[in-house]
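Trainee: For the first sequence, UniProt numbering begins at 1 and goes up steadily by one.
To be clear, the hints were calculated from the coordinates, so they are not data collected in a lab.
What you are looking at is a predicted structure, and each value in this text was computed from that prediction instead of being measured.
Among the hints, erroneous ones may be present.
Calculated pairs, DSS-like style, for lysine-lysine (alpha carbon to alpha carbon, straight line, at most 27 Å) [unchecked claim]:
no., residue 1, residue 2
1, 325, 260
2, 424, 458
3, 138, 158
4, 158, 130
5, 287, 322
6, 392, 461
7, 359, 392
8, 383, 411
9, 260, 314
10, 458, 417
11, 194, 150
12, 458, 367
13, 424, 411
14, 424, 383
15, 367, 411
16, 138, 194
17, 411, 359
18, 314, 417
19, 392, 314
20, 367, 383
21, 314, 258
22, 417, 464
23, 284, 260
24, 138, 150
Label-pair ranges, simulated between beta-carbon atoms [as the list claims (entries may be wrong)]:
no., residue 1, residue 2, range
25, 331, 35, 40 to 48 Å
26, 130, 465, 18 to 26 Å
27, 76, 258, 31 to 39 Å
28, 209, 293, 28 to 36 Å
29, 293, 256, 39 to 47 Å
30, 210, 76, 52 to 60 Å
Where is the CB? At the ideal position from N, CA and C, for every residue including glycine.
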Amino acid sequence: MLLPNLRFFSKYCVFQLRTYTYFAPPPSNGPCLSLLANKCQSMHQLKQVHAQMIISAHIYDSFAASRLLCFCALSQSGDLDYAFRIFGSTCRPNSFMYNTLIRALASGPHPLEALLLFIDMRRLGVVPGKHTFPFLLKACCNSRSLQHCKQVHTQILKFGLDIDLHVTNGLVRGYSISNNLVEARILFDEFPGKNLSLWTTIISGYAQSYCSNEALMLFNQMIAQGFEPNGVTLAPVLSACARAGCLDLGEGIHEFMKNKGIEVGVILSTALVYMYAKNGAITKAQKVFESMFERNIATWNAMICGLATHGDAKDALILFQKLTKEQLVPNDVTFIGVLSACCHAGLLDVGRDIFHSMKPIYGIEPKIEHYGCIVDLLGREGKLLEAEELIKEMPWRADVVILGALLAASKNNGNTKLAERVVKDILALEPHNHGVHVALSNMYAEAGQWQQVLTRRKMMKEEKLKKAPGWSLVDT
DNA sequence: CTAGGGTTAG
C-alpha cells in the first residue's frame, strides 16, 4: 500500500511506542467508569474520568479506554492529540478504537493519515471489520484520491467485505468522486441489495460529474423499482434537472415535495432556486429565494449564477450588491457568477473592477476560472492583446477552456495570426482536438487564404491517421 | 462506531 505524506503524521507516532504488558483490570468499577466516560461534556470532565481509570487500572481495559477515546476523537469539544495519547497507552487496542481514530482522521485536515493508521492496525494483526472501511473510504473521498480508493478496494475484497451495503456505498462514492464513474457504476449494478442510499450515491455521483442525463435516467429506474425518494435523493436530481434543462421534472419534484411534506431546508431550497433560475423561470426562483428563512452563500450563488446564465446581468449585479451588504461573505463561485454576468452584458469596466477587487477587498485569490471570465470579456470587447497578456500573466498554464475563449475572440475579430498561436497551444494540450483545426480553417476560408485551408486539412488527416492506425477500419 | 444532498466560466 502506498504511504501518504508522513510529514503530518509524526505527532501521532506515539502509538508505536505502546507497551505490550497486560494488566488485568480489577472486577469492580469498570462498567461504572465507562458509563461516566460516555456522559462527559468537556475535556475537563474527561480527564477526571481518565485519572480514575488510571488509578483503578481500568485504562488497560480496551473497552473502557475506547469510551474515553470516542469523546476525545469525535466530539466537537474533544482533543485528537489527547485521544492518541490514550491510544498510545492502551496495551491491546481493539478494532473499535482503530475505527474511531480512523474516522476522526478521515474528516480532519489530512485524511490520508487514516490510511497510515490502518497500516498500523494491520501490522498488529487487528482484523478490520465492516465499520473500518466506510471510514477509510471517507478518507479517500476527502482527499479525492483514486489511487488510494483502489488500494482500499483490494483490502475490502481481501476481507470479503464487498458484500456489505455500507462498504459498497463508500466504494461507489469514492470512485465517483475521484472521476471513475465506470467502476462506480459496475459496483452499483452488481450489488444485489440496493437501498435508497446506494441509489442516491450513484445518482449524485453522476449529477456532480455533470452527467445530468445519466443521473435522471437512473432516477427514473429507481422510481420504476418502487423506491420513494427523500430530500437527500431529490437534491442531486434537482441539480441534474437544472443542468439538463428539465423544468417539467423539476416542477414535478417541487410539487411532490409539497405533497409528501418533505422538509425543505437550505440545501433543497438552494437546489430549487438553481433549477428554476437556470431554466429561465426567474420569477419562481425568486419566489423560492424570498420565502427562505435561512440562506447561505450557496443559495445566493445559485440565484446569481442562474441570473447570469439567463442573461439578466443587471439583476445579478444588483443581487451581488445586496449580498455584500448582508453578513455573508462572497466566495470564488460568487465571482464566477458575477463575472460571467458582466461577460454576457459586455460590461468590461465593471467586470475588470470586480476582478481586480477580488483579492484586496474580498481576500479571494482569483482562480483560472475567473481569469477565464475576464479573458472572455476582454475578447468579446475586442481587447485581444490585453486578453493574451492576461493569460501570460497567470500563475498557471492556460487550459483548453481559456484558450478556447481567446480563439473565439480572435475568430470574431478575424485575427488569424493570434488564432494560429492559440491553436498551436491548444494542440499541445489536446493533440486530437479537431475542432480547432476546423475553426482555423474556416478563418482562412473567410480571408480567402485557400492554400492555408488545404494545409490545415492535410494536418487534420495526418492526425486522424495517427489516432486510428492502419489496422482500424473505423473512420474517426 | 458506519453510507447518500445545494452553488462554478466556455
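Trainee: Take the hints in turn and mark each one as holding or not.
Mentor: Cross-check of the supplied hints:
1. 325 / 260: violated, 36 Å
2. 424 / 458: The given pair, whose Cα atoms are some 15 Å apart, holds under the 27 Å limit.
3. 138 / 158: Given that 27 Å is the threshold and the Cα spacing comes to 19 Å, the pair holds.
4. 158 / 130: holds, 12 Å
5. 287 / 322: Holds. Residue 287 to residue 322 sits at ~17 Å (cutoff 27 Å).
6. 392 / 461: violated, 31 Å
7. 359 / 392: holds, 19 Å
8. 383 / 411: It holds: about 13 Å lies between the C-alpha atoms, which stays within 27 Å.
9. 260 / 314: Judged against 27 Å, a Cα distance of about 37 Å means the pair is violated.
10. 458 / 417: holds, 19 Å
11. 194 / 150: Distance of about 22 Å is within 27 Å: holds.
12. 458 / 367: Violated - the C-alpha atoms of residue 367 and residue 458 are around 37 Å apart, more than 27 Å.
13. 424 / 411: Since the Cα atoms of residue 424 and residue 411 sit roughly 15 Å apart, the hinted pair holds (cutoff 27 Å).
14. 424 / 383: Holds, because 21 Å separates the two Cα atoms, which is no more than 27 Å.
15. 367 / 411: Holds: residue 367 and residue 411 sit about 25 Å apart, inside 27 Å.
16. 138 / 194: holds, 20 Å
17. 411 / 359: violated, 32 Å
18. 314 / 417: violated, 35 Å
19. 392 / 314: Outside the cut-off at roughly 31 Å; violated.
20. 367 / 383: Holds, at about 21 Å.
21. 314 / 258: Violated. Residue 314 to residue 258 sits at ~32 Å, over the 27 Å cutoff.
22. 417 / 464: holds, 25 Å
23. 284 / 260: Holds, because 20 Å separates the two Cα atoms, which is no more than 27 Å.
24. 138 / 150: holds, 13 Å
25. 331 / 35: 40 to 48 Å: holds, 44 Å
26. 130 / 465: 18 to 26 Å: About 53 Å separates the Cβ atoms of residue 130 and residue 465, which means 18 to 26 Å is violated.
27. 76 / 258: 31 to 39 Å: holds, 35 Å
28. 209 / 293: 28 to 36 Å: Because 31 Å falls inside the window, the suggested range holds.
29. 293 / 256: 39 to 47 Å: Given range 39 to 47 Å: violated, Cβ gap about 21 Å.
30. 210 / 76: 52 to 60 Å: violated, 35 Å
Checked against the numbered hints above, the structure violates hints 1, 6, 9, 12, 17, 18, 19, 21, 26, 29 and 30; every other hint is satisfied.
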